[in-house]
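Fit chains B and C to the supplied structure of chain A, relying on the hints for placement.
For reference, the chains in residue letters:
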Amino acid sequence: MKFDDKVPIYIQIKNYLYHQILTGTLQPGDKLPSVRQLALDVTANVNTVQRALTEMLSEDIIESQRGKGNFVTTDVDNIKQLRNKLVNEQLTLVYQELHALNLSNDEILSEMKSYMESRDEQHE
Amino acid sequence: MSDLLKIENLIYSHSLKNILHDVNLTVSDGKIVGLLGENGAGKTTLMRLITGSAHGKGTITVAGTSKPAERKSHVSFTEHLGGLSSGMKVGKVFDFYQSVYPDFNIARSNSLIEFLDIDKNLKLSALSKGMKEKLIIALTLSRQADLYLLDEPFGGIDSMSRKKIINSILKWKPEESTMIISDHYVTEIASILDEIVVVKDKTINCHKQADEIREDNDMGIEEFYESLYEGGKQDD
Amino acid sequence: MTSFGSLFKTMFKEKFRDMNFFLMINLIAIVVSIIVTAFQGGMNRSASLAITIGWSMLAYLIAFVRLSILQERKFVRDSYRLIPISDTKLYLANLVTSLVNYIYVVIAQIVFYLVAAIPNWSEYSDALNMMAMVNGRATFDAPNAIMGVIALLCLSLVILILSWTTISLIHLASRSASNFLPSTGRKVMNIVIYVVVILLVLKVVGFVTDQLNNSVNMIFNSNYTANFAVTILVFLVVAAIEAAINIYLMSNWVETVSE
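Protein chains in written order, with the working numbering: chain A, 1 to 124; chain B, 1 to 236; chain C, 1 to 259.
Excised from the complex, chain A in its bound form (with noise of 0.2 Å):
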């Protein structure tokens, strides 16, 4: 995995697991490799992806049971939470940066459409 030097390992391992997560190549209920296999993965140090863990426990997007390892949360509206969350995040990147461009909330919107008919062309 590539990493983004100037943003902290632990985050960007979090981003990886959210990926798989929300794209369903993790399902809800499967278990997570273990933190030294997905250390190798990404090729990040154990203590950094133990952190990531943690931090996920305690949004509860994954689950650990004692001695068998760390499973993706089973309540969906958890990981529908997450999905909202990263959305939003994204969303008020867009926002912020084309508000910062004096667009207006119709105009934000016109453009983003126009552009999304474009890409669609570019792809077909």
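A portion of the hints provided could be inaccurate.
Claimed, not checked - Quick list of the computed label-pair ranges, beta carbon to beta carbon: (1) B:Asn217 with A:Gln90: 19 to 27 Å; (2) B:Asn167 with A:Asn102: 43 to 51 Å; (3) B:Gln209 with A:Asp41: 20 to 28 Å; (4) C:Ile25 with B:Arg162: 40 to 48 Å; (5) A:Leu103 with B:Gln209: 37 to 45 Å; (6) C:Leu200 with B:Glu70: 32 to 40 Å; (7) B:Arg162 with A:Asn15: 19 to 27 Å.
Hints listed in this document are in silico derivations from the structure and should not be mistaken for laboratory results. Just so you know, even glycine gets a beta-carbon here, dropped at the ideal spot from N, CA and C.
Below, chains B and C without anything else, positioned relative to chain A:
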């Protein structure tokens, strides 16, 4: 967590020249620490002082002991095979390590040999730079030590070997052990570091958590490291 | 911590392998010399022993030098100095394995002599009896001769130990001194240390030669026993003092060669 390595008021001079002074450093167990600094800053010297290969003034404690012989039993150092005959076969080098280090672990050593593609039938003199570096890492990690000192393990090797070496570090470093990796080029190992220690101006210039640097300064490790040197230039 | 036994075994094996390789070359040299002599028509019944003894003189010297190199290298290289064992044990394991290997070489040479002497066996035993008679006795006095040989061997052994402790002292003292001296003065200081220690050794060697002569006499005459014991004791004490200094230098001043 406990202090694995404690260096107090270390001074070292050689040939009437002061190399290191007022070195104080405490590292707890279970960490991977990047030891950074320019070529000739004293990184290797600091490691040699920890192992007892060089003698300085001050106290160095590893896993609770400051007696040199006992300290050595806790430290596994990449010593670049100094003193072994160049006609020696790689397999014999492993035999040598096994016979003189009680903490040498055959199972670990066999998996490392396999993982790093080490050919036991080659002579030391026939090894390329990258193969030699891999052999040194395998030997160093074959011991079940408390403190691993890796002195510039990536010097002049290709990126595939580098990745393999980094992976073997992550795979085989015992969880409670601490590893200090020296390098003058930090980017390739930045993601695996817990902490960095910078040797500059003959002493420890800074000792920080890697993710703290990213969080507090909003900059990468390499950038932060370089900023230390720019700051120094402005002072002149 | 590494035990004295396992370090001893490892060091012994390494030197033993080296000495066996060396003895093999020694043997080849003897055989080739005998063949060459035979072709030149110079072969007689005593030639094989003469050739073997000739080569063995060189062999004693080379084995000594080779073992010295192997031994001194271990004091200053990380491969050995990183081993978790006290400097005293490391030093003693190194010295004693050199000694045992040298004795092995000497025994091998004696075996070579015996084999080479077979073609002319009766003549040599006659010669020994002759020598005894020349020295004023009717028959070869076996118990006295054995005492003398043992004394000679003891002295040789002690001289060997003393030579090695002296070589280590020169080596380790000059390495220790280099810590304090600027790089430019190092060469001069090394030369001074070499000269001083070598002069000392020469004095000792002069003394030793006298004693050796005495020992040869003693094979046929036993008046020198007391002298001998004193000499051996003095040598051992000097060697022990040197060894103690060497161990002190190792633990406090000698740094390993950095790659």
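Status of the hints after comparison with the structure:
| no. | hint | in the structure |
| --- | --- | --- |
| 1 | B:Asn217 with A:Gln90: 19 to 27 Å | 25 Å, holds |
| 2 | B:Asn167 with A:Asn102: 43 to 51 Å | 50 Å, holds |
| 3 | B:Gln209 with A:Asp41: 20 to 28 Å | 23 Å, holds |
| 4 | C:Ile25 with B:Arg162: 40 to 48 Å | 43 Å, holds |
| 5 | A:Leu103 with B:Gln209: 37 to 45 Å | 40 Å, holds |
| 6 | C:Leu200 with B:Glu70: 32 to 40 Å | 36 Å, holds |
| 7 | B:Arg162 with A:Asn15: 19 to 27 Å | 25 Å, holds |
Going through the hint list in order, the structure satisfies each hint without exception.
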